[in-house]
Amino acid sequence: MSEIISTIINGLSQGGVYALIALGYTMVYGIAKMLNFAHGDIIMVGSYAAFVVVGMMSSSPFLAIFIAVVVCTALGILVERLAYRPLRGAPSLSVLITAIGVSYLLQSLAQIIFGATPVMVPMFDFKFVDIGGISIKIQSLITLAVCAVVIVLLLFVIKKTKVGRAMVAVSEDRGAAQLMGVNVNRTIAITFAIGSALAALAGIFSLFVSPVTSPTFGALPGIKAFVAAVIGGIGSIPGAAIGGIILGVVEQFALSVPFLSPYADAIVFSILIVVLLVRPTGILGKKQREKV
Amino acid sequence: MKKTKASVRTEVLDKYGRPVDLKEEGMDVQVEAYRIGGGFDLDIKIKKEPPKKHDRPIVLKATGLSIQFGGLKAVDGLDLEIREGELYGLIGPNGAGKTTVFNMLTGIYKPTFGRFFLCGKDLTGKTPLEINREGIARTFQNIRLFNSLTVLENVMVGLNNQVPCTVWSSMFRLPRHMKSEKIARERAHEILRIMGLDEYSDYLAQNLPYGKQRKLEIARALATNPKLLLLDEPAAGMNPNETQELMDTIRFVREKFKVTILLIEHDMKLVSGICENLTVLNFGQILASGDTHEVLNRPEVVKAYLGD
Amino acid sequence: MNKTGLNKVFKNYINYLIIVAIMLVTIPLYFGGILNDSSFVTPNMLTQMAFTIILVMSLNMVVGFLGELSLGHAGFMYVGAYVGGILCCYLYKSGLVVQSTHRLIICMLIGGLAAAIFGFIIGLPALRLRGDYLAIVTLAFGEIVRGILKNTKIDPAEGPLAGLIKNPATGFSLNSSKGKFDGDLFIFAFIVAIVVLFCIQNLMKSKHGRAIQAIKDNEIAARTMGVNITYYKLITFTIAAFFAGVAGALFANYSVVSYAQFSYNYSIEILVMVVLGGMGSLTGSIISSVLLVFINTKLQAVLTGDLASLKYLVYALILIFMMILHSAPKLAGLREKLNWGYVSGKIKGIFGKKTKNVSIVETEVSSNEEN
Numbered sequence: 001m002s003e004i005i006s007t008i009i010n011g012l013s014q015g016g017v018y019a020l021i022a023l024g025y026t027m028v029y030g031i032a033k034m035l036n037f038a039h040g041d042i043i044m045v046g047s048y049a050a051f052v053v054v055g056m057m058s059s060s061p062f063l064a065i066f067i068a069v070v071v072c073t074a075l076g077i078l079v080e081r082l083a084y085r086p087l088r089g090a091p092s093l094s095v096l097i098t099a100i101g102v103s104y105l106l107q108s109l110a111q112i113i114f115g116a117t118p119v120m121v122p123m124f125d126f127k128f129v130d131i132g133g134i135s136i137k138i139q140s141l142i143t144l145a146v147c148a149v150v151i152v153l154l155l156f157v158i159k160k161t162k163v164g165r166a167m168v169a170v171s172e173d174r175g176a177a178q179l180m181g182v183n184v185n186r187t188i189a190i191t192f193a194i195g196s197a198l199a200a201l202a203g204i205f206s207l208f209v210s211p212v213t214s215p216t217f218g219a220l221p222g223i224k225a226f227v228a229a230v231i232g233g234i235g236s237i238p239g240a241a242i243g244g245i246i247l248g249v250v251e252q253f254a255l256s257v258p259f260l261s262p263y264a265d266a267i268v269f270s271i272l273i274v275v276l277l278v279r280p281t282g283i284l285g286k287k288q289r290e291k292v
Numbered sequence: 001m002k003k004t005k006a007s008v009r010t011e012v013l014d015k016y017g018r019p020v021d022l023k024e025e026g027m028d029v030q031v032e033a034y035r036i037g038g039g040f041d042l043d044i045k046i047k048k049e050p051p052k053k054h055d056r057p058i059v060l061k062a063t064g065l066s067i068q069f070g071g072l073k074a075v076d077g078l079d080l081e082i083r084e085g086e087l088y089g090l091i092g093p094n095g096a097g098k099t100t101v102f103n104m105l106t107g108i109y110k111p112t113f114g115r116f117f118l119c120g121k122d123l124t125g126k127t128p129l130e131i132n133r134e135g136i137a138r139t140f141q142n143i144r145l146f147n148s149l150t151v152l153e154n155v156m157v158g159l160n161n162q163v164p165c166t167v168w169s170s171m172f173r174l175p176r177h178m179k180s181e182k183i184a185r186e187r188a189h190e191i192l193r194i195m196g197l198d199e200y201s202d203y204l205a206q207n208l209p210y211g212k213q214r215k216l217e218i219a220r221a222l223a224t225n226p227k228l229l230l231l232d233e234p235a236a237g238m239n240p241n242e243t244q245e246l247m248d249t250i251r252f253v254r255e256k257f258k259v260t261i262l263l264i265e266h267d268m269k270l271v272s273g274i275c276e277n278l279t280v281l282n283f284g285q286i287l288a289s290g291d292t293h294e295v296l297n298r299p300e301v302v303k304a305y306l307g308d
Numbered sequence: 001m002n003k004t005g006l007n008k009v010f011k012n013y014i015n016y017l018i019i020v021a022i023m024l025v026t027i028p029l030y031f032g033g034i035l036n037d038s039s040f041v042t043p044n045m046l047t048q049m050a051f052t053i054i055l056v057m058s059l060n061m062v063v064g065f066l067g068e069l070s071l072g073h074a075g076f077m078y079v080g081a082y083v084g085g086i087l088c089c090y091l092y093k094s095g096l097v098v099q100s101t102h103r104l105i106i107c108m109l110i111g112g113l114a115a116a117i118f119g120f121i122i123g124l125p126a127l128r129l130r131g132d133y134l135a136i137v138t139l140a141f142g143e144i145v146r147g148i149l150k151n152t153k154i155d156p157a158e159g160p161l162a163g164l165i166k167n168p169a170t171g172f173s174l175n176s177s178k179g180k181f182d183g184d185l186f187i188f189a190f191i192v193a194i195v196v197l198f199c200i201q202n203l204m205k206s207k208h209g210r211a212i213q214a215i216k217d218n219e220i221a222a223r224t225m226g227v228n229i230t231y232y233k234l235i236t237f238t239i240a241a242f243f244a245g246v247a248g249a250l251f252a253n254y255s256v257v258s259y260a261q262f263s264y265n266y267s268i269e270i271l272v273m274v275v276l277g278g279m280g281s282l283t284g285s286i287i288s289s290v291l292l293v294f295i296n297t298k299l300q301a302v303l304t305g306d307l308a309s310l311k312y313l314v315y316a317l318i319l320i321f322m323m324i325l326h327s328a329p330k331l332a333g334l335r336e337k338l339n340w341g342y343v344s345g346k347i348k349g350i351f352g353k354k355t356k357n358v359s360i361v362e363t364e365v366s367s368n369e370e371n
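Protein chains in written order, with my numbering: chain A, 1 to 292; chain B, 1 to 308; chain C, 1 to 371.
Don't read these hints as lab results, they were simulated from the structure. Since the structure is predicted, the reported quantities are computational estimates derived from the model, not experimental observations. There could be a bad hint or two in this list.
Restraint-style ranges between C-beta atoms, simulated for each label pair [said to hold, decoys possible]:
no.	chain 1	residue 1	chain 2	residue 2	range
1	B	Gly120	A	Lys162	36 to 44 Å
2	A	Val168	C	Val9	55 to 63 Å
3	C	Val9	A	Leu78	48 to 56 Å
4	A	Pro258	C	Lys93	32 to 40 Å
5	A	Leu78	B	Glu245	16 to 24 Å
No residue lacks a Cβ here, since even glycine has one placed at the ideal position from N, Cα and C.
The shape of chain A in the complex, shown without the other chains:
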């Protein structure tokens, strides 16, 4: 019984990480109408930023978190400006292929600079706490708490601030928003910035679980988080959180069953295919009608 509970807790905290990444996907997809394939690789860049601070300069992990967030935010804005903005209004196939190119670019740059061999990024030394006879890693609780705070904050920003309303307007109808005086380019850039900052946090939390990073550090979590975003309903912020949690828990359960564990990734991807076929709009997504 306690095993099941600890699996659930692990799943929740892994799900929190997926949720943070999925938020970036969902916001960018909702507002810029593109699948940012390179989103997972932003996580990887964040982890290497932390590696430079903690591993190479032996500075404080807190500084590492700060630097990672700053670097990723800047990178998010830069990528949007250089690669995606020129293609605004281009066929979606071109944008998607470009995003794949960016993802590839970041991975190969990381490999050239830091090498393919995984490197250690020692963050904090977490202890276990004992709650009702079940020992839980503190980092699981931190991850969940931060995740919850971030989602509440995001919802607040979107509902109550000017920037948030601009985001909603751009996602509903870009042309109309522009006519109403919304700066579309700036709004999309801000969206990328927020998404990338969240990705940096997700990277840090992943390092809490296993303090190792490599050029492909972000690829799989990135894809899985996209799966989470789709399950929750792409474009929906609470949906991203729900999708992330579902995915995290299912994955942890699959990993805890011996004969299923080698197929854990395959199971996650199968869920994606089933969800897309049965309910492509996800749990909380809206249906869109094609204009003729």
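Following the hints, complete the assembly by docking chains B and C onto the known chain A.
Frame of chain A; chains B and C shown alone:
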């Protein structure tokens, strides 16, 4: 003077030199020729019977056709009855729901209520593919050609269902493939010739000027061998000369391909020039319906168009 | 024959000419002993070129002609390599098929069929999904296939397959005692490439090819013109997967069939070649395959260790620049000058179709969309 009977061949051409079948127009021409000395004496009798409209079978019938988007009733309770060979107009101010009607009739949208029938067959809820095979083809208001294909290939896509040929025989260029390609190519050229586009057959569709793109859309729709042709603002963006030519083309197409035509149009000159009957939509509902000239003079129609 | 007629004939045969020319140059050199494992161009490199041509052309069917992004092409190849490779071993050891050419042909067909079944399955979601979602599904599919094959162990104690796959993750390789093709694989592979070219080119120039391109250009118009979208999407995915499987069966006779070989990266590599050659251009696919395989092999000797990923850096830049060059709305003027012509949904590489220069007076008209 001696008068001997001579035999003559009668052929009536329109102003483009294309033969016209007068029987279709409800007309009959009888020519008697006599040779008188060195000249001829022609006795031409033109009998015109008004087309017996109500004898002709109904091609399209719609009853209570309605569609709702969220809370908005885009089309509400549309009834239509279009008879064979008719040129029928669907008009109304912007946003009245005209294109939505076309989208329902071609299966792109599923009507929320109501049904529609083509030659008595219920097509409500069928897919665009099935509806096209039953015999409804259309053009689009915002031109939707296959831009990476040539003009000829665009028409040949329309012919796809008429030239049976399996993937296998195409892959290995079996005789079946060669034969069906040849037939399709010839038929496509013929349609292009009729539409006056044959000289452009090797151009990419996107490189045609606007007016010709609209014509190509009609040609492509005709290639699917429809019973009912839906034209969505065929004259949009054309100058008066082009519009005049288009009117003749539409009439000619109706004779030549024996299709019934339902068209959406804003150009009142075109509508009153070629449509026999009209339905006026306003806010998704029928405002008026009936004979073109009678409908266009109704005060409520004038009001809807010109405002108070 | 007039000029355009000649042009058309030339266009029909140029693809065959390229492959035949490569064969005409290399085969005599090979038999003359000049082309060998230590020469500038090796038989191994040529084999790789041949199956890469097959792969890139088949992916082009989906990406260039149908206009959908498939990121699981390496997955189809893996299926073909796995099934074809095991079958090769089985047919040889059980003594069912002695002649090595016959054996490889059977393996290619069966490997292709196995991949085609998967292609059909992946085509099913393609009926409901488009664009980004479909791309992710194909990616997921590739990973699922890899995940399953990675963990599938075939190691019966006795029988023809004994000892074939001891460690599923590292895969297996054929050798002369396991039914490997014992001839000049590159010659055979080029002949297969010609056959595949024949099939794909004919199909794309038929009514089926026109329907497939119509779907890419405008799916709604294609539907209302009576094009059976369901059928054509399924058939394109299935046929593309079949040929990827054929390439896989060739691969099993060439190198180690392992989990790591057929990763997502390999799918992207094939995509890069499609994009570089020009979406919808088979000539481009052939030239870019030959070119990139050559450069790759040469660079492999020079770039070792972490520098090897310079290759991926270049790939990434190719993808980004090609896309911006060919699709960025702001560069439309430049493209017009270069006579590339801008077609939404059609992205041309260096060898993409050039549009005919037209002198018809363009009448600019804007139409208001209704509803």
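Hint check results:
At about 59 Å, the CB distance of Gly120 (chain B) to Lys162 (chain A) disagrees with the hint of 36 to 44 Å. For the hinted restraint 55 to 63 Å between Val168 (chain A) and Val9 (chain C), the CB-CB distance of approximately 58 Å keeps it satisfied. Taken as a hint, the range 48 to 56 Å holds for the pair Val9 (chain C) and Leu78 (chain A), whose Cβ atoms sit roughly 50 Å apart. Pro258 (chain A) and Lys93 (chain C) have their C-beta atoms about 33 Å apart, which keeps the hinted 32 to 40 Å range intact.
At about 55 Å, the beta-carbon gap between Leu78 (chain A) and Glu245 (chain B) misses the expected band of 16 to 24 Å.
Hint compliance for this structure: hints 1 and 5 are not met, and every other hint is.
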